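Given chain H's structure and the hints, the job is docking chain L onto it.
Residue strings, one per chain:
2 protein chains.
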Amino acid sequence: MSYKNFPMVPRVIFGRGSFNQLNEILAPKRLSINAPFIYLVDDVFKNNSWLTSRIQLSYDDKLIFVSSKEEPKTSQVDALVEEIILLTKERPSGVIGIGGGTLLDLAKAVSIMLTNNGESKDYQGWDLVKNEGVYHVGIPTISGTGAEVSRTTVLTGPDRKLGINSDFTPFDQVILDSELTKDVPTDQWFYTGMDCYIHCVESLTGTYLNAFSQSYGDMALELCKEVFLNGELPEVESQEKLMMASWHGGMSIVYSQVGVAHALSYGLSYLLGTKHGIGNCIVFDQLEEFYPEGVKLFKEMKAKHNIELPKGICADLIDEQFDIMIDISLSLEPLWENALGKNWEKTITREKLRELYQKM
Amino acid sequence: MSYKNFPMVPRVIFGRGSFNQLNEILAPKRLSINAPFIYLVDDVFKNNSWLTSRIQLSYDDKLIFVSSKEEPKTSQVDALVEEIILLTKERPSGVIGIGGGTLLDLAKAVSIMLTNNGESKDYQGWDLVKNEGVYHVGIPTISGTGAEVSRTTVLTGPDRKLGINSDFTPFDQVILDSELTKDVPTDQWFYTGMDCYIHCVESLTGTYLNAFSQSYGDMALELCKEVFLNGELPEVESQEKLMMASWHGGMSIVYSQVGVAHALSYGLSYLLGTKHGIGNCIVFDQLEEFYPEGVKLFKEMKAKHNIELPKGICADLIDEQFDIMIDISLSLEPLWENALGKNWEKTITREKLRELYQKM
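These protein sequence lines map, in sequence, to chains H and L.
With my numbering, the residue at position 101 of the first sequence is 349, and numbering never jumps.
With my numbering, the residue at position 299 of the second sequence is 547, and numbering never jumps.
Just chain H, same shape as in the assembly:
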């Protein structure tokens, strides 16, 4: 038996307003005046000087706004890397991702592709990365994905949606400043928060679970319930707790896996470009038979916050399109095995998946 030797984020700072410490944290990491810091920032913060004025651009440092309207793509990573190489005289001192899961995953992937040859699609999979990436920092501005702590960066490539899982993927530094999440719109707050809730349910009910992952998953789930279900937490406390839920939820996956919801939502996202958070919600809403208690609570939370999920997103699809989603979904074997055990193929047939997708 061989256990994963998990790389943890080696530096973390937590606190309301800790974003103000960014420049001080980066300063000693500057390799030379020709080796800039590259900031990848969600373009919702364009013209938001409350945030951007606190980013000190020195020498050749660049701030690049990136849209998170779509899921991150391998082609987008490759284009960003090319742009950065053209813009800079030397290999950057660091890449700083500021945003949600999309921006965090892009920052992780760009950091890796600045020091590894070829295209990012070549590294989708497990432990294919050869060289350490450049120093990279993650600063979440919405909570739930766990991307700030995970060992992967999930990208949609030409052939598949799959992570670059490697020891070089995790951030070197994370800044957890819950104040950055204060202006997230309610629906987005819910979808992204539910990403955490759903992967905790999947992890905690899965066959891969051990005491390490269970303790993190239990904690994250409790925090999600406090934020979304039980009650009327003061705003700041709610933001802080959801940020911790996301962090612990990400840690819960270390010795575990996600399950049915993620396996199906990857199909949606590959074919239809459905964003991860809302996609998980659309799928999970239909999974009573797999996660009866988890789905019941989910529906309560949805009702409590007046969330209306899109309906009929698969209504007009043709056979070939269902087949594409089903292929993607079935290819995610570890997720199915975690959810249903070694004999998952006995119950998860193409017909079964089609039937599920047709409900969405």
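Hints listed in this document are in silico derivations from the structure and should not be mistaken for laboratory results.
Small disclaimer: the values here were computed from a predicted structure and weren't measured.
Derived DSS-like pairs (lysine-lysine); straight-line CA-CA distance at most 27 Å: (1) L:Lys-378 - H:Lys-277; (2) L:Lys-473 - H:Lys-473; (3) L:Lys-277 - H:Lys-277; (4) H:Lys-559 - H:Lys-607; (5) H:Lys-607 - H:Lys-550; (6) H:Lys-277 - L:Lys-252; (7) H:Lys-310 - H:Lys-294; (8) H:Lys-547 - H:Lys-473; (9) H:Lys-252 - L:Lys-430; (10) H:Lys-252 - L:Lys-277; (11) L:Lys-252 - H:Lys-430; (12) H:Lys-378 - L:Lys-277; (13) L:Lys-607 - L:Lys-550; (14) L:Lys-369 - L:Lys-310; (15) H:Lys-310 - H:Lys-369; (16) L:Lys-337 - L:Lys-277; (17) H:Lys-430 - H:Lys-552.
Then chain L, alone, in the frame of chain H:
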């Protein structure tokens, strides 16, 4: 406001039997054949080939058995460092601590003192360490202290009992193999486990608490209750959960502090050499007025496991001895402030402390 940028253990492996992966983990860290690995192992494992046969000594690697009968001392660290320097041709490739809090703290301190001049007492305090220590690995064989994850190594020096708190203190690698805890005697298991329980109570009721530390503390406390109070967990599950409790309990202190129990028990330990785990229990048993609920549960757990604490350990002390303990205890200002707020000095007088010590 400036928040601590906390250094986390960058690599962790969790699993029953993961100790078998030690040699494979160390191999790539060997700097040269003249730069050995130094294993500091609790001498309870002398002649225990189940454990020692799995440590592969190559080239000039040394295994040094160390007694954990007494709390670790600065003089002991300095003597170990001198011994290691005399034994080795080059600076060691790594120091591996195998044991409880005493061995883990010794390994951390030795690692630091191999690369920093002077005596270890000079580094007791906060951020006095100048140079990164040698690569160091922590392998707990008993659960509760949190030393495997903390940013300190608590040593008794000529003048005080105080930690070497620094960014270079945390381990570079931790191996969490609960099987190594299987032969711990019941009383020791209880005392060390209660170290975790007690510092969670202190952290969770303290004034320094934030959402980060609270989430870790809540989780650790829940796990302690599962292990010590609720019930009849299967042995392996109980060992695994207590190992995770210790880990999370250590993390809980990151943005928090311990409190009254630790402040008083440091005095006992300085004067009488009382070991940390049992010392905390002796003190905590008398702290109803500070931690009513925590002490109530503690007494239940003590009863459930038929633990008899030593009584009257301060019965024969003279005034000068009480004064020494009181001085040590009062010097730990952050602990008092965390426990009782900025005005702690109004209630914590020398008379009050003497009265408390006299009950023990």
